[in-house]
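Numbering that gives the first Met the number 0 numbers the first residue of the sequence shown as 0 and each following residue consecutively.
Heads up, a few of these hints could be off.
[Unchecked claim] Listed next, the in silico DSSO-like pairs over lysine-lysine satisfying Cα-Cα at most 27 Å (straight line):
#, residue 1, residue 2
1, Lys19, Lys34
2, Lys227, Lys244
3, Lys284, Lys204
By construction, these hints were calculated from the structure, which means they are not laboratory data. In this text, all values refer to a predicted model and were calculated from it rather than measured experimentally.
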Amino acid sequence: MGKIYLVAESGCDITADLQKQYDIRIAPMHVNFGKETKEDGTFPPSDVIDYYNRTKTIPTTSGAMTYDFANVFDAILEEDPNPSVLHIAYSAVTTCSYECARQAAEERPQMKFVQVDSQMFSYGQYSVIIRTAQMLAENPDCSLEEAAAFAQDLTDHACMCFVPDGFDFLKAGGRVKNATALVGELLKIHPMVKMIDGYLVADKKYRGSMNRVLPAMIRDFIEEYETKRPEIWLGHTPAFSDAHKALAEKIVRELGFTEIHWIECGSIITTHGGTGCFGLSGFGKNQAHRESPDAAQ
Numbered sequence: 000m001g002k003i004y005l006v007a008e009s010g011c012d013i014t015a016d017l018q019k020q021y022d023i024r025i026a027p028m029h030v031n032f033g034k035e036t037k038e039d040g041t042f043p044p045s046d047v048i049d050y051y052n053r054t055k056t057i058p059t060t061s062g063a064m065t066y067d068f069a070n071v072f073d074a075i076l077e078e079d080p081n082p083s084v085l086h087i088a089y090s091a092v093t094t095c096s097y098e099c100a101r102q103a104a105e106e107r108p109q110m111k112f113v114q115v116d117s118q119m120f121s122y123g124q125y126s127v128i129i130r131t132a133q134m135l136a137e138n139p140d141c142s143l144e145e146a147a148a149f150a151q152d153l154t155d156h157a158c159m160c161f162v163p164d165g166f167d168f169l170k171a172g173g174r175v176k177n178a179t180a181l182v183g184e185l186l187k188i189h190p191m192v193k194m195i196d197g198y199l200v201a202d203k204k205y206r207g208s209m210n211r212v213l214p215a216m217i218r219d220f221i222e223e224y225e226t227k228r229p230e231i232w233l234g235h236t237p238a239f240s241d242a243h244k245a246l247a248e249k250i251v252r253e254l255g256f257t258e259i260h261w262i263e264c265g266s267i268i269t270t271h272g273g274t275g276c277f278g279l280s281g282f283g284k285n286q287a288h289r290e291s292p293d294a295a296q
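Start from the sequences, fold in the hints, and give me the full structure.
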């Protein structure tokens with residue numbers, strides 16, 4: 000079997016070191032600062048917050064476009080005239096990236112191409128990609144179909160949630176399906192936002208400071224999804240304090256997790272979640288037949 004090339008969007012927030020280690024090819028997503036558009040990953044996420052503080056306007060985001068994937072695929076084709084490519088995608092219902100990748104691949108018939116919709120983003124998508132990359136490193140003779148089936152099984156068992164520290168960015172971003180649930184900022188109410196079939200759905204609400212919210216939401220998440228030990232992924236946006244980070248890690252260790260991966264969310268997630276946002280992802284019970292987003296409202 001030949002090499003399998005993994006492709007993802009920059010919103011997966013995989014570090015440059017891991018991209019290099021596993022040869023993961025990244026198509027850039029985009030952040031729009033008024034009339035200026037920048038590629039995700041070319042500037043620090045703090046620029047998003049600085050722009051909002053300066054203009055009181057929240058930037059907007061756009062997915063990786065057909066030409067972004069075309070550039071990635073053409074670079075692969077320069078190395079391998081008949082490559083096998085597996086795209087583990089950012090949640091397809093939240094962005095155009097999945098369809099744009101498909102269009103770019105169709106224009107390159109010499110490329111064997113399969114897509115798996117991770118139905119997640121950032122640290123959730125990250126966990127599926129890295130687990131798949133590790134499997135491929137250990138099984139170099141794996142076929143493209145086998146790799147796709149492996150990634151799909153991971154996706155079916157993956158779970159992800161986050162809690163924002165504030166509401167401005169989430170409400171303005173419009174990605175939360177039942178956004179009417181995002182009320183109560185003055186009451187210090189924090190909703191747990193879960194991924195259900197690729198949609199962001201506001202669910203349980205927690206009252207109080209993040210010192211009180213973090214232990215409760217972590218325990219609820221792990222219990223609800225029967226998250227498997229020992230590995231867990233924790234993500235945060237800028238201004239999530241070291242004290243909160245230490246608290247979150249203390250809780251997951253107490254719950255039996257020993258392989259803890261911290262992910263600093265990039266500009267795409269910061270644009271939607273704002274500052275001080277925290278989330279976690281892991282693998283647990285089969286999620287393939289989840290409650291529909293409409294039913295969850």
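The hints, checked one at a time:
1. Lys19 <-> Lys34: violated, 33 Å
2. Lys227 <-> Lys244: holds, 21 Å
3. Lys284 <-> Lys204: Judged against 27 Å, a Cα distance of about 23 Å means the pair holds.
In this structure, the one hint that does not hold is number 1.
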